[in-house]
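Chains as they are written, first to last, in my numbering: chain A, 1 to 833; chain B, 834 to 1016.
The reader is advised that the hints may include incorrect statements.
[Said to hold, decoys possible] Covered, in the sense of this in silico footprint (three residues per stretch, anywhere, with C-beta under 8 Å from a C-beta of chain B), are these stretches of chain A: (1) 108-118; (2) 128-135; (3) 524-538.
Calculated from the structure, these hints are not laboratory results. C-beta: ideal position from N, C-alpha, C; glycine also.
Chain by chain, the residues:
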Amino acid sequence: MKLRRILAASLFATSLASGYYHFVRFQGRTAPFNPIVEKFDLTALAEKTVTYQIAENGPAMLAPGDSFPAVVSQIRAAARVWSEVETSELRLRFGGVFSPGQPVPATPGVDVVFEELPPGVNGYGSVTVRGELSPGAGFVPIQRSQVVLNRDLANRPSWGSAFFLTAVHEFGHALGLQHSFTSGAMATEVTRGTTKIRPITPDDVAGISVLYPTPSFRQQLGSITGRVAAGNDGVAMASVVAIAPRGAAISALTNPDGTFRIEGLPPGQYFVYAHPLPGALQGEPTPGNILPPLDPTGRAFDFGPSFDTLFFPASRAAFVTIAVAAGQATENVNFSVTRRATPGIHSVQTYSFPGQTAVKPAQLYSIDTPRNFMVASGVGLVQNSQPAPGLQITPLGGFATVPPNGVRPYAPAPASFLEVNFQFAPFVQEGPGHLIFTRGNDLYILPNALRLAQRTAPQITSLALRPEDGTVLVTGQNFSAETRIHFDGVPATHRALDEQGRLIVSLPPAPTGYRSSVAAFNPDGQSSLFVQAPVEFLYDAAGDASSPAGISLSTSTLPAGTESLVEIVAPTLGVTAESVVQAGFSTSDIQVRRLWTTPNGRLLANVWVSPNAAGSYASLTLSQGLRLLTLPNALQLTASPARLIQAALPSGVTGLVPGASAQLLVQSPQLSGAPSISLNGQPATVLSYEGGILTFAVPANLPTGPIAVRVGMAGEIGLPLGVQVLPPPAYITSVIAGLNQNISEARPARPGEILTVLISGLPEAISASGSTPRLTLAVAGLEHRTFSLTPIGSAIQFQFILLNAVPTGNLPLTITIDGVSVNGISLPVRGLN
Amino acid sequence: MALAPAFGVFRQIAQIALLAVALSGATLQQLSFDDMVNQSTAIVRATIGSGSGRQHGALVYTHHRLTVLESWKGAAGASLDVVVPGGQVGRLQQSVAGAPVLTPGSELVLFLWTSRSGLTHVIGLSQGVFQLERNTGGTLTLNRAPVTATLVAPNGRLVHDDGMTMPMSEFRTRVSSALARSR
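I would like the entire structure built from these sequences, with the hints used as guidance.
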């Protein structure tokens, strides 16, 4: 069918422009419109990581029981949301607390600040770029960005969903996202359909991944392109949404000529609809508070006219689905829309009442509960305290029906709110539910209008410290092995679910006397905050401390333009080799590139200093769980020495393998001669030195762990660099198809089949850490998605589907686990014939 | 007295709103007319002067000099300095979605709020900006984009605000009434 024509054209080859919800420039005012987005230049940032710092002055007013460390923990949790998007290369790292008066760093980063905001403003996010647009620019690099939060948090406790989701939203702006209208984190608060445990949606994932895509993003996901036109005129800034009946809703905005591209769509069937942006609400200078695209002179493009919302190809009902395939673009999904003077139904928000607390978006259940109804408000829903004449509400995809008289005035506030009742289909699945609102010519779709679950929210009855091992016993209801307990913004490590349904979790570190707000979160998106206030946990154990007393560094100065190993002693942290500690130096011009904790309580940090950072002081922030220690003026940054020797591991190399040879990149612009090298003070044998590449022998008896490497030349000794000594590499034990068919030349792998891989020889730490290891797999350089990952002692088993796109032959199978390479193998691949 | 469940539920809607009623890229709380009157430190009719961006730590604010034509609240002098978030400093442009655009030369009614640090902001980001026009009869009227969404105000009351087009004389009366109610 023509409408479903899928063109396997490369997404890169097409000239059709994306019209996403980013900060967009165009090189001219005529087609073709190729968006030039504002984003961080990850190629200029080590490990594609953006550092964010939090202003040390913090909020001036806090809710009862709240604290600055609790606020920081929630901000860090909000940053993690964006840092853990698998299809985005961007990573975020906490760089400590900073003084708002310190010089603006030269290295791009994010500043989280607390400002006296006027009444009616709780926060905002912004990006700072160079104003001019260079001819031929591929993108506009963000110089710095800002997350601005209110200094008055007296009515916004940090444990609340409102504070957390605001932080997630503003971080999204700071990373380069504008608003979308698909109920994700980047939707305006009116229609946002996210919760604390599901803070972003596929729409947000697509938005950030379009800016910072991994190679797999465009290989494993598909796209839809087309145009929205009114007559012959393209409609600018229309929102086009691809929506799966019980799944993802992902959107894009149109370019000035009406063209659009929706990217990041999981393969499947989608309805597609085009809708106008809602009219500017009070306080919004533009529709949806979108900053329109700019031309090179800084002149904004106009917003297109309002029009009647339309499902593709041309109906007010969802009839025709569009097929989306991995790595392919479904083209010519075009809309011919009819202008209208004013927007129809819009800005609908929904609530429900799992307990005594209203929850937004509506949380409903496929089981009977006393309050299994939804309350809705929005423009065009209510007239004279009755449902607007002709109003119909229809669940998309038939998972439920609204019975006759199922829409009625909501008795406590009939002037503005409707009560909506549903009858759910038998065996209906958990997940999001999208709703269609119609009245006259009005058509409005609210993605994620409700979430459906099969059981009610978790609830905490009590918390009890178990003195025998320092863990916490959490008693309550509706817990499962997937339930997570958060102490403020820090998820406690899950230990066990006992036979009585109680959870045992590790207690995140915190200072004595700290009062933590504790909540439970289930993977269905619900939390105990739906039904109760957080439960307080008082840290009353002796021995912890919150003061920076006793913190010392192995050096008080570092030269600009260097990276070197710094030893940090922090007796009050009680660090062990298993401790999870972060360190930051208050500015993105100084970054902790790697941090080790050692059994003797020391921290070893590779600290990078920007060439532009000389002449200033930096504070040190150490964080561990809910502990936050700051040592002011910990480092003085000096000018770069004239006779500098700087060593670094080659890109992609994570450490030294005992008994093997290794290489270091050496920069010594003012020096020449034969280099020497020492490992933890012991000389090592230099095998060659050519073109700045020093090859040396790694002694076979080096123990696993960090060591200090120093390179000498012409009588000078370089700064120490921390390098990990690796354990012997893990190896692929087997690759199996079907139940038990070992892949070999006699039984090669076939594209499209599921393969099971077993990797052995892993360090225990990976499989026993309790967290899911980050695994990448490529066949002939083509990244594959893995699933069903199961740690088994020092081995890991997982599966992947061999993509049809791989060629035949003996192909390199490469795997990394938590960034550590596994010994690769050659995988025989043949076609079915 | 225990609230009936339905009213308890409604109260909870209000409490959610108290925590997180927002409508824009910035996260905003909906402010009613009375809220704006009461929470502002100055209410003025003014002509907007040219703007210039200045760095305030990590943030850029665009400073506008306002020539005050009329004042209903606060001790505004003949002119005052008002900031809006974002702007240009040197070659750097800081963009804030939702920040008001104060066009130099335009005449506006502004609800303003001065922080302890001394910066004067428009209240509620853009919520405190009202356009002024002369209607066909020559009467000066005040316009604000309609509040097309029904939201719950921070104090738990429903906000019914359909935008407004009203003569300045009526606006003055409403401001006076709101100020009187707040005393």
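Now for the hints, and whether the structure bears them out:
1. 108-118: holds (count 6)
2. 128-135: holds (count 5)
3. 524-538: violated (count 0)
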